[in-house]
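Residues per chain, in single letters:
Number of protein chains: 2
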Amino acid sequence: MTKLIECIPNFSTSDTELIKGLVEISKSIPGVTLLDYSADDSHNRAVFTLVGDENGIKTVAVKLAVFAKDNIDLTKHTGEHPRMGAVDVMPFVPVKNATMEQCIEISKEVGEMIFKEAGIPVFFYESSATAPNRQNLATIRKGQFEGMAEKMKKPEWKPDFGDNAPHPTAGVVAVGARPPLVAFNVNLNTDNLTIANNIAKIVRGSSGGFKHCKGIGVMLEDRKIAQVSMNMVNYEGTPLYRVFETIKMEAKRYGVSIIGSEIIGLAPAKALVDCAEYYLQIEDFDYDKQILENHLL
Amino acid sequence: MTKLIECIPNFSTSDTELIKGLVEISKSIPGVTLLDYSADDSHNRAVFTLVGDENGIKTVAVKLAVFAKDNIDLTKHTGEHPRMGAVDVMPFVPVKNATMEQCIEISKEVGEMIFKEAGIPVFFYESSATAPNRQNLATIRKGQFEGMAEKMKKPEWKPDFGDNAPHPTAGVVAVGARPPLVAFNVNLNTDNLTIANNIAKIVRGSSGGFKHCKGIGVMLEDRKIAQVSMNMVNYEGTPLYRVFETIKMEAKRYGVSIIGSEIIGLAPAKALVDCAEYYLQIEDFDYDKQILENHLL
Chain A
675 MTKLIECIPN
685 FSTSDTELIK
695 GLVEISKSIP
705 GVTLLDYSAD
715 DSHNRAVFTL
725 VGDENGIKTV
735 AVKLAVFAKD
745 NIDLTKHTGE
755 HPRMGAVDVM
765 PFVPVKNATM
775 EQCIEISKEV
785 GEMIFKEAGI
795 PVFFYESSAT
805 APNRQNLATI
815 RKGQFEGMAE
825 KMKKPEWKPD
835 FGDNAPHPTA
845 GVVAVGARPP
855 LVAFNVNLNT
865 DNLTIANNIA
875 KIVRGSSGGF
885 KHCKGIGVML
895 EDRKIAQVSM
905 NMVNYEGTPL
915 YRVFETIKME
925 AKRYGVSIIG
935 SEIIGLAPAK
945 ALVDCAEYYL
955 QIEDFDYDKQ
965 ILENHLL
Chain B
675 MTKLIECIPN
685 FSTSDTELIK
695 GLVEISKSIP
705 GVTLLDYSAD
715 DSHNRAVFTL
725 VGDENGIKTV
735 AVKLAVFAKD
745 NIDLTKHTGE
755 HPRMGAVDVM
765 PFVPVKNATM
775 EQCIEISKEV
785 GEMIFKEAGI
795 PVFFYESSAT
805 APNRQNLATI
815 RKGQFEGMAE
825 KMKKPEWKPD
835 FGDNAPHPTA
845 GVVAVGARPP
855 LVAFNVNLNT
865 DNLTIANNIA
875 KIVRGSSGGF
885 KHCKGIGVML
895 EDRKIAQVSM
905 NMVNYEGTPL
915 YRVFETIKME
925 AKRYGVSIIG
935 SEIIGLAPAK
945 ALVDCAEYYL
955 QIEDFDYDKQ
965 ILENHLL
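Going down the list, the protein sequences come from chains A and B.
Numbering of the first sequence is given in the numbering used here, commencing with residue 675 and proceeding in unit increments.
Numbering of the second sequence is given in the numbering used here, commencing with residue 675 and proceeding in unit increments.
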């Protein structure tokens, strides 16, 4: 059975010509499919979603990193999104017939090749981290591209591959394996951002909430509503419905209710089927055996 | 893109040797996968779930019908489940890259071949029906094997292929295209079967309820609870959550609540993802684009 691995590289550009180049590379490797890509000018960032077999995904990941190093100059980069590299982060996710251990292995091989072929220093993060303070991307990225030279002089910030200094124009990259992530936002019928922030603090793991939930409050200016914006970084450990019901419960304190939610980008079917199982009170459901499509993949 | 079509033939046997023969045929056709099969002695019936490309599924369907005709003798058949043929019913369901119209076409070709190769008269049913009174399987099957010779003398019960009389030992078969069906049962915290029957009457289309829901009350003797047992014959037209919430609402009249539910056999992921969309209040969800697995099939 062919292993299928997802790779979601983030690039620090929204230039249409460069994106065209990245798309061409993405489509040039046998065994690799480009599922989705999007870019945002205010963030000055592009996110690609690729899926492929083990060899294909390794090959395309390294080629994309080399292209980013050759074409993106961080010394001239501005944008709202925090970033530390031309290819900023490169996660590998098990999709089918692949384990987290295999994705860790792949991330380590790709990290080594990126340093060898592009000269970009590599930090392993998430499940591939070589130290506890390297698990969280935000911790590695703190100081961003501009602060990286100083930060990397400290022994605890020696990269996993490469020298104690960032690439002069391409910075550094975080490479690692992680479970599939679901971007899940919940909209409140209030324009009070403080309420969304308070609720985000309650549900996210870092401040005492659900371990596998990251979240902040954001204001949707066009709709004049506050939103709890979340990354569900492990939807089996922290299911979407549990966070949704907790938000509903906490919002009551303010007389606020949920007016809707959104899933951004792709989500594995199981993240949502698990929610249906809860709400419909389905007994003894076997996802692998009872979902028709699982027999067709 | 390869069309994938599901076929779920029901055979009037639970004999292990015959089932072995049916399994062997199911596994012998390139392009066809046997997803599941189960047999029940008290019903004296076996249900097979196969999926395959257009040519494969047509070939296997006809071969299975010929085997059933050669090996199952309805004149000696007893069992709780109503039946009219050795192969009793043979639905075709669009699974991927296939339309209902294509499945109707396939069902008509298979029906013709079954009569030619096995000599079994064929009624087209569901979306393939050639008259309104032939849509519902139960209407065609009324009178069962024993009453079929008399019934088929009436002009309105002339089969779509074959003579005005059943095959002497293999009876007749209903062949047709239909949407995927989900077997969905809801358990009540009561041992009063009348309550389950009353609620089934409310939710099923035939007595004024939801158009694409069939249902009866049944008693789960081992658990001493009553159940609303349903076939959701078109989960897009009548979603599971809507029926579930209606059952909950109607059960309140009796001070009864839902203690659980079950999905029997296979269900398409969308039938459950649609429910998660409702309960999580997800706005603007695009199932085809946003479910990761849809890009892998």
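No lab work stands behind these hints: they were computed from the structure.
Given the structure is predicted, the values throughout are model-derived calculations rather than measurements.
Positions of the beta carbon are idealized from the N, C-alpha and C atoms, including for glycine.
You may find that some hints are simply not true.
[As the list claims (entries may be wrong)] Here's a subset of chain B near chain A, in silico, CB distances under 10 Å, partners left out:
#1 T707
#2 V721
#3 S881
#4 G882
#5 V930
#6 E936
#7 V947
#8 D948
#9 Y953
#10 L954
#11 I965
#12 E967
#13 N968
#14 L970
Now the hints, each set against the structure:
Interface hint status for T707 (chain B): upheld, as the beta-carbon distance to the closest one in chain A is roughly 7 Å, under 10 Å. Hint status for V721 (chain B) relative to chain A: violated, with the closest Cβ pair at about 15 Å, above 10 Å. This hint is violated: S881 (chain B) has a C-beta 23 Å from the nearest C-beta of chain A, more than the 10 Å allowed. Of the supplied interface hints, the one on G882 (chain B) is violated, with its beta-carbon coming no nearer than about 23 Å to a beta-carbon of chain A, more than 10 Å.
Restraint check, V930 (chain B) versus chain A: the minimum CB separation of about 14 Å is more than 10 Å; hint violated. Hint on E936 (chain B) holds. Least Cβ distance to chain A is approximately 5 Å, under the 10 Å limit. Against a cut-off of 10 Å between C-beta atoms, the interface hint on V947 (chain B) holds, since the closest Cβ of chain A lies about 5 Å away. Among the interface hints, the one on D948 (chain B) holds; its C-beta lies about 8 Å from the nearest C-beta in chain A, closer than the 10 Å criterion.
Annotation: Y953 (chain B) was flagged as interfacial toward chain A, and the flag holds, the nearest CB pair being 4 Å apart, inside 10 Å. Nearest Cβ of chain A to the Cβ of L954 (chain B): about 5 Å, under the 10 Å cut. The hint holds. The interface hint given for I965 (chain B) holds, since its Cβ lies 5 Å from the closest Cβ of chain A, which is under the 10 Å cut-off. A hinted interface residue such as E967 (chain B) counts as satisfied when its beta carbon comes closer than 10 Å to some beta carbon of chain A; here the least separation is about 5 Å, so the hint holds.
Checking N968 (chain B) against chain A: minimum C-beta separation of about 8 Å stays under 10 Å; hint holds. Because the beta carbon of L970 (chain B) sits about 6 Å from the nearest beta carbon in chain A, less than 10 Å, this interface hint is met.
This entry does not satisfy hints 2, 3, 4 and 5, going by the numbered hints stated previously.
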